[in-house]
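**Student:** Take a look at the letters that make up each chain.
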Amino acid sequence: MMARASRIRAARSLAALLLVAAGPAPLAAPMAAQGCLGCHGPAGQGSGAVPPLAGRPASEIVVALREYQAGQRPATIMDRIARGYTEAEIAAAAAYFAAR
Amino acid sequence: MRLGRRAALGALLLPRLGRASAAARLIVVGGGFGGAAAARYARAAWPALAVTLVEPRPRFVTCPYGNLLLAGLRGLETITFGYQALRAEGIAIVQDRVAAIDPPARRLRLSGGETLGYDKLILSPGIGLRWGALPGYDRAAAEIFPHAWLGEDGAQLLLLRRQLEAMPAGGVVGLSIPANPYRCPPGPYERIAMIAAYLKQHKPRAKILALDAKDAFSKQALFQDGWRALYGEMIEWVPAKDDGAVARVDPAARIFETEFGTRHRVDVGNVIPPQAAAPIVIESGLAAAGGWAEVDPRSFAARAAADIHIIGDAINGAPMPKSAFIASNTAKQAAASAIAALRGEAAPEGVYFNTCYSRLAADQAISIVGIFRPGPAGFVEVPNAGGLSPRGAPAAQRRLEADYADGWYASITRDVFG
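Taken in sequence, the protein lines are chains A and B.
Under our numbering, the residue at position 60 of the first sequence is numbered 60, and the numbers go up by one with no gaps.
To get our numbering, take the position in the second sequence, counting from 1, and add 1000.
Just chain A, same shape as in the assembly (with noise of 0.2 Å):
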């Protein structure tokens, strides 16, 4: 019950947000989170190797993602790639996939 409560609130706080920055884009994932899809897929649905994030609460990819930036997470790829992106940019990213 709250897994969905929370989806349903970063579903409501993503759709603000692309009203926001990106203009009304009901199906298309933030520009953040489009670098994600090239590994892990159409929404974030995982491909082979690479994990899914779609359903992943919110929380869990973003403290992934600090931890990735942070050195903190084994990593191969993943700790070169969070160094990029914003807390705003991970935040929405993270929003994006949780609502999937």
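Take the hints with a grain of salt, since some may be wrong.
[Unchecked claim] Stretch-level coverage of chain A by chain B, calculated; a stretch enters the list once three of its residues show a Cβ under 8 Å from a Cβ in chain B:
| # | stretch |
| --- | --- |
| 1 | 28 to 35 |
| 2 | 38 to 45 |
| 3 | 52 to 66 |
| 4 | 71 to 80 |
[What the hints assert, rightly or not] Here are the in silico distance ranges between beta carbons for each label pair:
| # | chain 1 | residue 1 | chain 2 | residue 2 | range |
| --- | --- | --- | --- | --- | --- |
| 5 | A | T86 | B | G1072 | 40 to 48 Å |
| 6 | A | R56 | B | P1058 | 36 to 44 Å |
| 7 | B | D1363 | A | V63 | 27 to 35 Å |
| 8 | A | V63 | B | D1403 | 18 to 26 Å |
| 9 | B | G1285 | A | P52 | 40 to 48 Å |
| 10 | B | E1077 | A | P52 | 46 to 54 Å |
| 11 | B | G1392 | A | V63 | 41 to 49 Å |
Worth flagging that the hints you see were computed from the coordinates, not collected in a lab.
Even for Gly, the Cβ is constructed at its ideal location relative to N, Cα and C.
Fit chain B to the known structure of chain A by using the hints.
**Tutor:** Relative to the frame of chain A, chain B by itself:
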């Protein structure tokens, strides 16, 4: 309040669409990683937009993973994609070539004679090979020394593979590698590894002679470590400073001749020639003197023409590489910007992402990552981020990167072609 103002602004800026009821028209030229991604993104972002994709070929053969075909790790059908998903989403596919663009009239003419009008045009035509820029290398020469550097119908890649199969056991495979900029900076060096993987298995006495017009290249230390560890003495890479730059080729005699006149006889020759933006960009007056299109780094609008956005390998996107990932990723920003302009809105904030995996062997890969943003005078790489796989990493990590590379290829082709 915000919506009210947006609508008012939109009404001010939209009248040039003419009939109030008519949908705005977006034409995308080129059905590769850039064009197909732009068309699909635009369709999803604004369902009322009429989206047309103009592409002369019925199917697209990807350059990424083409090198794996040379090693026998992939068949052509596994790197070939059609446009069924785009058609099903309501994108009109016009199978034709653009003959000319008339930017002031916002019109383009197809080879078949038909004229199409647009409100916004996104050009993603890729590169053209500069035939004749390397003396001796023309279209006929490419049938003897394949370039295999344009996907097209895959024939060049298959030709190179057949030549490797037919080569004598102790033969020499020559590569001529161009100066920057060119499509896929690490591509020639992955190709060396993939040819070596084939030779190691089938013709272990053969040699690879890679003649380069540069002194340094992408992921250099990682490639050279990998070549040595996996293929020993098979590969010789010659930088420009050691007379590596090929100045002339003689296909009939199978000769690569260098700047200082050294004549190398090769049994198989792969010439990756100098490149520029595709001819349609140059012929339409959209390229700068260097042969590439200059664009606004946030909207990808062409410096040379309003209402035309240019994406992918045809632009001067430095320091971004000319890669499939950058093409598909920035395609979405360009499409979002074109849509925003049609609605009288500002282009979204840009953040551009690239990952390029290169295969060293069937089960080993390395990667480079870059994150870029629009700057005041061009594209800017985000500092203290991105970068290369660590040098000297254990085999398990290289294997994981090979698995991730396969995941990447499946993901990006699904994202772009459906």
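**Student:** Each hint: holds or not?
**Tutor:** Structure-based check of each hint:
no.	hint	verdict
1	28 to 35	holds (count 5)
2	38 to 45	holds (count 5)
3	52 to 66	violated (count 0)
4	71 to 80	holds (count 3)
5	A:T86 x B:G1072: 40 to 48 Å	holds, 44 Å
6	A:R56 x B:P1058: 36 to 44 Å	holds, 38 Å
7	B:D1363 x A:V63: 27 to 35 Å	holds, 32 Å
8	A:V63 x B:D1403: 18 to 26 Å	holds, 25 Å
9	B:G1285 x A:P52: 40 to 48 Å	holds, 46 Å
10	B:E1077 x A:P52: 46 to 54 Å	violated, 27 Å
11	B:G1392 x A:V63: 41 to 49 Å	violated, 30 Å
The structure shown violates the earlier hints numbered 3, 10, 11.
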